[in-house]
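Residue numbers (our numbering), protein chains in the order written: chain A, 1 to 244; chain B, 1 to 480.
If you're looking for bench data, these hints aren't it; they were derived computationally from the structure. Just so we're clear, the structure is a prediction, and the values are computed from it rather than from any experiment. Using N, Cα and C, we set each Cβ at its ideal position, and we do this for glycine too. Some hints could be false.
Unchecked claim - One side of the interface only, derived from the structure: several residues of chain B facing chain A at Cβ under 7 Å:
hint : residue
1    : 418
2    : 450
3    : 454
4    : 462
5    : 465
6    : 466
This is what each chain is made of:
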Amino acid sequence: MKKAGWVIFFIGVLFAGDRLIGWFFQHEVEKSQFRYSRMYRGEGKADIMIVGNSRGLNFYQPYMEQATGKKTFSLCYYSMPCEIATVLAEDYLDRYQVQTVLCEISIVEMSEDKLLPGFTTYMPYSKRIDSVLKAKVNDSWVTSQVSHIYRFNNEVFQRALFYRNHLDDDWFFDHTISERLAKEALGSSVEFKVPEKHVQDLKQLADYCRARNINIKFVIGPFFPLYTVKHLDLVKKRVEEATV
Amino acid sequence: MVFNSITFLIFGFIFFPLYFLTKGKGRLWLILLASYVFYGWWDWRFLSLIMISTFMDFNFGKLIGATQEPHKRKLFLIFSMIMNLGFLGFFKYFNFFIDSFVSMMHAFGFQPAVTSLQIILPIGISFYTFQSLSYTIDIYRKEIPVERNLLKFAAFIALFPQLVAGPIVRARDLLPQMNEDKKFSWDNFNSGLGRILWGFFKKVAIADSLAPFVDNCWADPTKFSSSHLMIGAVFYSFQIYCDFSGYSDIAIGLARIMGFRFVENFKTPYFSQSFSEFWTRWHVSLSSWLRDYLYIPLGGNRKGKINTYKNNMITMLLGGLWHGANLAFVFWGFLHGLYLIVQRFITPVWRAFVKLVRMPAFINSGICIVTVYTLTTFAWIYFRGGSLGHHSFTVANQVIGRILSFEEFNWNSVFNKYQVIKGIILLAFLLTVEITNRRFTWNRVQLYKPALRIAMVAGLIWMIALFGTFSANAFIYFQF
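Bound-form chain B, shown alone (with noise of 0.2 Å):
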């Protein structure tokens, strides 16, 4: 089920007034059986899975509880790892890496006789399988206590806002959050109204109406204009911002609806000055689950600075594999493990450049913005290239090589002027949400002011109206 569906409306009419009409037992199973309903709407045969992982990590995680041993809880972590890795190895990457390996193969001279499963990828299993692991983690770290209450533990992890595309809310957050009966309240209501809005907003009108400009552009790049495909990057840097952060957005909105407070996902990523800033305000329930249970672990930066090239890079390839069985995926992860290298690089020099020149901060500011978002974007065009399966580097390759040829660099060798101008006015729009909201936050300043509230819902829904794509278009995220 999408949130952007008529099915998806009428399960939340059927929800949330039977959410606040129950209370602790029989509001838990509802929560199950919602999520369960709202996962299984797209493959019932799935749920098996999240059971499974649910049922298995409840128990690891009291296994672990249990024992003081330190050889004991960590032969338990060990299991719940292998399982929940195993089932994300198996349903997302078995295929990749046997046609990785007989691309190898072949590259030695080998013909091995090996044929790949016919494997569907369990939707959100990348998401779920985290924010399973991370509790059986936390226990293991006694950074919270074990969950005695099953009903409470699968409630957790399928609780349908975030169970397909995050924010990947942890245990140690969502847990207690549980254990309070939350009342219906029209500050939770409008605030959580307001962010579903917003978030639709951007998947409907802003990411759904730069689809088909950035599909064109990634099915034959070949027939386009440098300057058609440069402003394509730039629709595609902001379609998956739109789409993923709108999702967020919807979740988030839900939950504080429902009375649960996620994590922020998204902090205006594209404002930042650095790469480790970027991954500060992008998806950073998942940077800050690898910085937490990958980067630190290995070390983070206290072995050196060789140490923590290896560690940032190390990060950043399992970051990007994450998000796909595709070497595209990689090199995606690649480029930022080098971005974020050259950065500890660059940054000091720039710094004593900015410092001799005596450098205006917000000309200082602008050029470190401008950078970090094209080099994010020259990324971005690999990343989109990781879902068009064997020619995902051939087409994201053609994509750049015709781009950087500047052949044909006009405003008239671009195609689909239409969906070019009705791009520009939503970025335009987006862009001037987001550089005020720092200063009002018009999400909180509307609980205020109801006529505001009136005034700024209407008209999000007339714009919705007027620049919206209604064709229930999936969330890109699902597929990671």
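Looking at chain A on its own, in the form it has when it is part of the complex (with noise of 0.2 Å):
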């Protein structure tokens, strides 16, 4: 009997400790200065929204400011998968009236599950991402629901911690490609795919931003020119098809 106390104790103190913490992290994500956080804080207003993958990562906010005079909100990130890519614009669209939004169209073609997990950090914020997470990755969907510190085993949670204090705007990729790398880019390919179903999300995104008049651009940031880069035309082509 006293064994048995001490179990239902014990299972007491793991789900009472698990949701704590859980509420100690959520409380520290929703402090936070990262994109995110300052989107479904309320403090993400903008004049232009980008998103998308690393690529638009590179379209530096800051610089993009001094160049058109208008504010900028970025909502890209490092291999965004295109179906998060697409919820968190329209979440963003139903929070804040923009005048372009621009979008990375090489996101089309990243669909990597393993990903999708690191947005459970925002999935009690929208309804949309836990939806995607819960037909997409159903495990991570279920465990998160049980344990509310795995929401925060990831990548975005980590992210939203480091800019805690100060905002991300600074974050872009700021490697100098070296001469080997250069070199070596002779010889390197990437071949893209388009995925009808991200081609749908995609055209989705662009009649969501119409039917509130908002002006959507499909843009690509530049490869570096000794790159071969395969069936780009064909992206642009479908995209183009889609959208328009």
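Using the hints, put the two standalone chains together into the complex.
Okay, structure coming up:
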């Protein structure tokens, strides 16, 4: 009987601790200066919104503001899965009235399921994120219901902590292309795929913007000239066909 | 079946209640059947190999024990060794020797028409072969009695916690324990569960979290900077430690719940102050096996310096080859052999220097620990290359070359900083626990303090939830 009491006590401690630690982390995320925290907190007002992956991050926000004289807000993230990019953009558009949306179209081929669970951190703020995760990575979704700590087992949370007290607008890919890498680019290539599901996601985003009289532009960042990019024209053509 | 899977969890929920409900012969049958299911889950065809090996060694043991004539005893032992090492040689090394032969012929300008066979390496063969072999050798040496009960012997060989990746538990340690009818004990349960959870943490939270960073480094080292690859090498040293010692912890914990005591396989090896000490702390069950059944029979350190060096080198080369059929593993063994030999020269000089300059003990220990760790990690770079087949040396040399070039040696040139920071947090936690464990022996203390136990178990579960990588990655040592 005494043992059973200890077991019940243990389960209680385990559960309560999980919720308490989860609550604490959530609290820290809410206070963070990271882009998604600011967006869901209501501090994401801008004239231009950018959505994309690491290539989108290179649309360096402070420089864009300087060049255009307009306030910009970036939703970009390394290897951003297309499904998440579109729902984040829609969440943003529900909250803010922007003039222009820039969408970096190389996200069309990003469907890395391993990266999706990273967004469990922002699941409590968005029904859309919740449903994408439930549909695409159900195991992670279920685990994050059982354990709230698990929602923070990802890089997105670490970035939210990193930007806890300072803005993330300095975040861009600042590596210098060394001479060796430049030479190696000659023999390297990337081949784009164009999954129809993601083309439809971008179409949905375009429709969403147009329904709100928001100007949406599909753009692509430049590639290193010596680097061979296969099927880039196909990506452009297919996105154009679907979104015009 | 791997320990870090849902399948094993279900297996455990069925096995353990049945284990404590049965006794004597019934329990031995249960252990044997459950262990065969555990092994057969991977590939049931190779069960026949364990069965043959078990049956033959059981009978060889009886034959050796039945006669007092030295040459007959030796003959039966040789048969046992031929069978065991024959299986190991065929399944693990056949293609390696064929390929090495072909390469050698090519070097002499010949073009032999030899083809390799498509051989699947039976999981855990290196472990159970050594375990079984130790039984017949010990009987030959008259160190243990002959086991007359085939069922008990088969259960000893197949006992699932240690079947596929050790520790290599010898007959003299385990067979006597199988004579006792173990009863359920809360102390064993709590202690075992503590070890299992700690092992699970080391595997799932540490080893599997470090793995993607390490894999990228070895996939194409030319892409990364010196600092990135240096972090990769350090991470690999801890990945393999946490992966393998994590498995051992789970195995020891499972056995503890069942009432068995297994030998400790890892004793904080990266705190070793010499290479000879390292080998008394790293994979203890293998290193002691090699010491007792290879190094000492070769003469150990009793026949002069040259023979001692030779015996050290032979033992380490074969230890390297035991890990896999690749020259990179042999080279890893060679490096450790070399370290052991060089250490014999350097130690007296170093001790004299320490005495001369009156170096404080903690500085001396620190220098020794860092030196042993650095050189061990250097050797791990080749070891990691060993799993890359024909390119093993090329890749390992690229990693070392780029690290030593110190090109772009700065924090900015490190990719995947998220993984690096996560790794550093986890390693800091691991080292803190290991250092404090020397003083507090946490797993023993928790037995007498239920509140502490609850805090420790809950804390570990929270840590696993926060840092774990949940993709049921197989343990590295399965391939050996």
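Going down the list of hints, with the structure as the test:
1. 418: holds, 4 Å
2. 450: Check passed: Cβ of residue 450 of chain B comes within 6 Å of chain A, closer than 7 Å.
3. 454: holds, 5 Å
4. 462: holds, 5 Å
5. 465: Holds - the Cβ of residue 465 of chain B comes within 7 Å of chain A, reaching about 4 Å at its closest.
6. 466: holds, 5 Å
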